[in-house]
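Trainee: Listed below, chain by chain, are the residues.
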Amino acid sequence: MSNNFFKLPDKIFGLEKSLLTLFLTPVILLIFFLISLNLVLIPKANEIGTVNQKIDTVKTNTDKVNEKVKYLASVDSEELQRNAEYLDNAVLRNKKSYLLVEIIRQVANKFDYQIESFSLTPGEIKAEETKKTSIENMKKLPVALMLHGPKDKSLDLVLALEKTLPILFIDKYDINSSGSYSELEMVVSSYYLGDEINVDTTNIALNDLILSSDEAALVEKISSFTKIEENTDTETSEFQQYQRENPFSL
Amino acid sequence: MKEGLNLLPSMAKFQMAKIKLKKNINIIMVVFLSFWVLSVVIIFGWLGVNNYRLKQAENKNTKALNSFKSLATSVVLSKKNKYQAKLVGQVLKERFEYGSLIEKIMDFFPENISLENFKIKNKKQFVLECVLTTGSDMNDVEDKVRDINRGLYPDFSSANLTSIKIGSNSWLFEMEVNLI
Numbered sequence: 001m002s003n004n005f006f007k008l009p010d011k012i013f014g015l016e017k018s019l020l021t022l023f024l025t026p027v028i029l030l031i032f033f034l035i036s037l038n039l040v041l042i043p044k045a046n047e048i049g050t051v052n053q054k055i056d057t058v059k060t061n062t063d064k065v066n067e068k069v070k071y072l073a074s075v076d077s078e079e080l081q082r083n084a085e086y087l088d089n090a091v092l093r094n095k096k097s098y099l100l101v102e103i104i105r106q107v108a109n110k111f112d113y114q115i116e117s118f119s120l121t122p123g124e125i126k127a128e129e130t131k132k133t134s135i136e137n138m139k140k141l142p143v144a145l146m147l148h149g150p151k152d153k154s155l156d157l158v159l160a161l162e163k164t165l166p167i168l169f170i171d172k173y174d175i176n177s178s179g180s181y182s183e184l185e186m187v188v189s190s191y192y193l194g195d196e197i198n199v200d201t202t203n204i205a206l207n208d209l210i211l212s213s214d215e216a217a218l219v220e221k222i223s224s225f226t227k228i229e230e231n232t233d234t235e236t237s238e239f240q241q242y243q244r245e246n247p248f249s250l
Numbered sequence: 251m252k253e254g255l256n257l258l259p260s261m262a263k264f265q266m267a268k269i270k271l272k273k274n275i276n277i278i279m280v281v282f283l284s285f286w287v288l289s290v291v292i293i294f295g296w297l298g299v300n301n302y303r304l305k306q307a308e309n310k311n312t313k314a315l316n317s318f319k320s321l322a323t324s325v326v327l328s329k330k331n332k333y334q335a336k337l338v339g340q341v342l343k344e345r346f347e348y349g350s351l352i353e354k355i356m357d358f359f360p361e362n363i364s365l366e367n368f369k370i371k372n373k374k375q376f377v378l379e380c381v382l383t384t385g386s387d388m389n390d391v392e393d394k395v396r397d398i399n400r401g402l403y404p405d406f407s408s409a410n411l412t413s414i415k416i417g418s419n420s421w422l423f424e425m426e427v428n429l430i
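From first to last, the protein sequence lines stand for chains A and B. Residue 221 in the working numbering sits at position 221 of the first sequence, with consecutive numbering throughout. Residue 358 in the working numbering sits at position 108 of the second sequence, with consecutive numbering throughout.
Because the hints were derived from the structure by calculation, they are not lab data. Hints are not guaranteed to be accurate.
Take a look, some chain A residues computed to stay more than 10 Å from chain B by CB distance [claimed, not checked]:
(1) L22
(2) T25
(3) I31
(4) L39
(5) A45
(6) E47
(7) K68
(8) S77
(9) R105
(10) L120
(11) K153
(12) K172
(13) N176
(14) S177
(15) T201
(16) V219
Below, in silico cross-link-like pairs of lysine-lysine (PhoX-like), each with a Cα-Cα straight-line distance of 25 Å or less [to be verified]:
(17) K70/A with K371/B
(18) K7/A with K272/B
(19) K371/B with K151/A
(20) K11/A with K305/B
(21) K354/B with K70/A
(22) K96/A with K263/B
(23) K139/A with K305/B
(24) K313/B with K163/A
(25) K140/A with K313/B
(26) K371/B with K354/B
(27) K163/A with K272/B
(28) K54/A with K371/B
This one's a predicted model, so the numbers in the text were calculated from it and none came from an experiment. Glycine included, C-beta positions come from ideal geometry on N, C-alpha and C.
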C-alpha cells in the first residue's frame, strides 16, 4: 500500500512522468541557488563593501594619527614648554586683587614710582567687573591706584605696564605734574581665568595642535613681555601660636 | 536524416529527444554549478583578502595610536597652548595700547613745551595740559592741531584747543585729541 501511495501516475497534467522528472534536478538546483544567493552570496557581497569602507576609515584615521605624530615629533618640546609658560602667565590664575597690586607695585618700583593708595573695588569699574566678558571663562579684575614718582618716567611706566605679564589693561589714566614730580591716577585691570583648563584629548584634530600664524605671532609678542612673579608667599604662611604668660594672672 | 527524413517510430523519436534534452540540461547544470562555485570562491576569496587587509590596516592604526599615546605630554601641552592662545588673543584684541600713542603725542611738540597733565577722557580721547614759556611756540601748537584735523597724522582723527591761559611768564593750554 505504501508503495502505491508514493507511486506517481504515468502522466501528470498530460505530460509524461519521465519527462517531468527530467526537470526536477534543475528546478531543485535553481531553488538551491536562489536560497544560497539570498542567504549567503548577497550578504557576503555586502560584507565586502562594509569591510572595504572599514579599511578606508581605518586608513584615513591612521593617516591622520600619523600626521599628528609627525607634527608632534617635529615640535621642539622645550619651545612648547616655554610657550605654555608664557601663555600661563598671560592671565592671572586667581581672583586675588592683592596679587595684581603687587605686580603693579613691582613694575612701578622699577621706575621709582610708589603706590600711594589703592582701591580694590573701584566704583566706576565695579559694574564692569561683574559684567560677563565676551571671553569665555575669563573675568576682569580692576584695581584703582594712586601713584607718585618722577614725571619723566611716567611714559616708561605706562609702556612697561603694557609689556607686562600678566597682561594689564589701563582703563583710566590721569597724570598731574608739578615740577619734576607727578601724581598718577590709574585704573589697571587684568583678566583672570575662572576655571581650570580641562584639556580633552579625545578626537583631537591636527589643527587643534598647531598654532595658527596669528596665534604664533601672539606667543612671539607676549614672549617679549616681562613676566612679573606672583609672589604668594604671604598667602601660604601658617598661623603661629605663641605661648605667652598672662601678665595679670596671680 | 540529412534530407529531413526520419523513419524511426514516434516512441523512439521521443526517447531520442528526451536523451538530447537530458544531455542539454546536464550541460546547462554543469555550467550553472561551475558559475555558482566560481561565484562562491570569488566572493569568499575577496572577503578573505579584504578581512586580511582590514586586519593589517588595524594593526598599523594600533601602532600609530601607540606612538601618538607616547607623545601624550606634547599633545596635552599643544592643545592647551592652542586654547590659551585663543583666549589671550581675545584679551589682547580687547586691549587698547595707550603707551605708544602717548609717546606719539609727546613727540608732537617741541622740547620746550612741557606736558603737565594728561588724561584719558573716554576710551579714544585724550586731554592734555601743556605749559610753554614763549608765545611764539603757541603757533607751532596751533599748526599741529590744524595738521591733525587735516588728517596728516594717521592715528588721530581730530584735535582742538579747549583753553589757553596766559600767566606771568608762561602759557598754559588744554588740548583734546581724538583717536581714530
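Trainee: Which numbered hints are broken by the structure, listed smallest first?
Mentor: 1, 2, 5, 6, 7, 8, 12, 13, 14, 15, 16, 17, 20, 21, 22, 23, 24, 25, 27 and 28
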